[in-house]
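Since the structure of chain A is already known, use the hints to place chain B on it.
There are 2 protein chains.
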Amino acid sequence: MTYHEAGSVEVQRAQARAWFESLRSRICAALEILEQEAPPELFPGTPASFAFKPWNRKSGEGGGTGGFLKGGRLFEKAAVHTSSANGKLTPELAKTLPGGDKQLDYLSTSISLIIHPRSPRVPTVHMNTRFLATSVGWFGGGADLTPMLPEQRSQQATDAAVFHRAMQRACDAHDPSYYPKFKAWADEYFFLPHRNEARGVGGIFYDHLNSGDFAKDFAFTRDVGLALLEAYPGIVRRRMREAWTGQERKQQLACRSLYAEFNLLYDRGTMFGLRTGGNVETILSSMPPMVSWD
Amino acid sequence: MTYHEAGSVEVQRAQARAWFESLRSRICAALEILEQEAPPELFPGTPASFAFKPWNRKSGEGGGTGGFLKGGRLFEKAAVHTSSANGKLTPELAKTLPGGDKQLDYLSTSISLIIHPRSPRVPTVHMNTRFLATSVGWFGGGADLTPMLPEQRSQQATDAAVFHRAMQRACDAHDPSYYPKFKAWADEYFFLPHRNEARGVGGIFYDHLNSGDFAKDFAFTRDVGLALLEAYPGIVRRRMREAWTGQERKQQLACRSLYAEFNLLYDRGTMFGLRTGGNVETILSSMPPMVSWD
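The listed protein sequences derive, respectively, from chains A and B.
For the first sequence, position 30 matches number 124 in my numbering, and the numbering has no gaps at all.
For the second sequence, position 239 matches number 333 in my numbering, and the numbering has no gaps at all.
Calculated from the structure, these hints are not laboratory results.
Be a bit skeptical, because a hint or two may be false.
A pair holds if it fits inside one copy or across any two, identical chains being indistinguishable in the list.
What the hints assert, rightly or not - Below 20 Å or equal to it, Euclidean Cα-Cα: the simulated EDC-like pairs (lysine to aspartate or glutamate) are:
| id | residue 1 | residue 2 |
| --- | --- | --- |
| 1 | Lys152 | Glu291 |
| 2 | Lys147 | Asp388 |
| 3 | Lys344 | Asp388 |
Bear in mind that the values here come from a model prediction, so they are computed numbers and not experimental data.
The following block holds chain A by itself, in its conformation from the complex (with noise of 0.2 Å):
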């Protein structure tokens, strides 16, 4: 299916592509502000803040910014990016793509997001939605929460339950159907079949997603990063406030063991830019910064 009705492939990744670079300066302020929020008793030193370090792609066109936040206090590690690219697909990678038995010329825009907090009681999260054009155009995407302690890691825990229901608002918003398929495509995705277990609480994954409507389905795609922007810094200001121990350190460090273990083994995203010529250091910035494996 097409999406005639909104003009050209390259204006609706051109209005999608706005959309991603003005989140992600959404996201980034409003991540520098927890990071000058965070009390200084439990997070010393000085506030970090976001280096914006634009990229271009080695074969193909475009390029895009990474975003990078290091070593702050309250932020352990966050990369917020976004990337535009024209290219061609490799023929084993166009045969998994809708439209690519017509095409190998693809046309893309992201955003994505891995904040790693240095607390072990603030919960890891993980937000990407991409348009994706080949023949056809559609969107894709996903969010997830990962509390790193155990007694975080239910479905019912705070911080899942506040993560879940802004989540479902956003979907519920667009059609009644799409939470309970997204929501069980998250609990399928981000799942590390050799561990048995869930990498962490879940959220919402959506991919191939065309209505036939560029305008709903972008809208959709929006409310995605709306709902994260809403959730999670509510989420981060009720744990900043907690002191953790040393052992929830090493629990943390553990559980970022299966953080680093399902981005290089089962990660759409890495795989893809790995294959694609994306930008290494942008696609590694993803992996924790500090991970144990006892």
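Leaving out everything else, chain B in the frame of chain A:
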């Protein structure tokens, strides 16, 4: 090519298995002696020893013994495992193996080890050797050294030279063509394309080795194990008297990220194990104890 002269494949596997298990005992003993010898002013605490944990395969027959040393004073983490299996290959995996077109049943036995020292001045080492048989049998394996500090990571650095000489002696005793071939194969194998960087200084790598003479190939594989046993403790003994800085520890944790990425993205043993019902605990025990991605 089959190994007719040495009897049935089960007998060959039993011989290889007995060797791998005896080598395991000798290596673990050598490492435990180093744990005790390490200077206490640099390595405080109690010397650790190996815990041996037998496991059985969930699918097929067989199992192994995981040898784990955790939280040692000299060795932050060490894993020396043996395993033996009778199983059925998936048709997909069978296509990639000699003799896999004739039968899906396979026999295997192997030893694998990874040693992660605490000091950034002591290199990490890995070795794996194995006997596998489908409708034909063969040996494979490799050993490679991963020094963590930039100045140690050249081919000319002392530890690299010692390690390479030991591997060359093992090769040259059996066939003058082995060392150049197997060293080049290691350089190719232990390389991370997305980083455009080798994980360490290499060593040797070989696979599908079947000269037609089981005794000859088995003797070579024994000598690879003995070369490791000859070279590595000497390297550790020299380096364990050197104090290190916090900056060097940081370099080590960052360099270990290449190790983690290699194992999850490229390592054949890891992938073979995860796909054929191997033991997840032993497979993941190769991961570094603490890693940073800054």
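**Request:** Tell me, please, which holds for Lys344 and Asp388 at an alpha-carbon limit of 20 Å: within, between, both or neither?
**Result:** Both: 10 Å inside a copy, 18 Å across copies.
**Prompt:** For Lys147 vs Asp388, is the C-alpha pair at or below 20 Å within one copy, between two copies, both, or neither?
**Reply:** between (35 Å within a copy, 15 Å between copies)
**Item:** Copy assignment of Lys152 with Glu291, given that the CA separation must stay at most 20 Å
**Value:** between (37 Å within a copy, 18 Å between copies)
Consistency note: the structure conflicts with none of the earlier hints.
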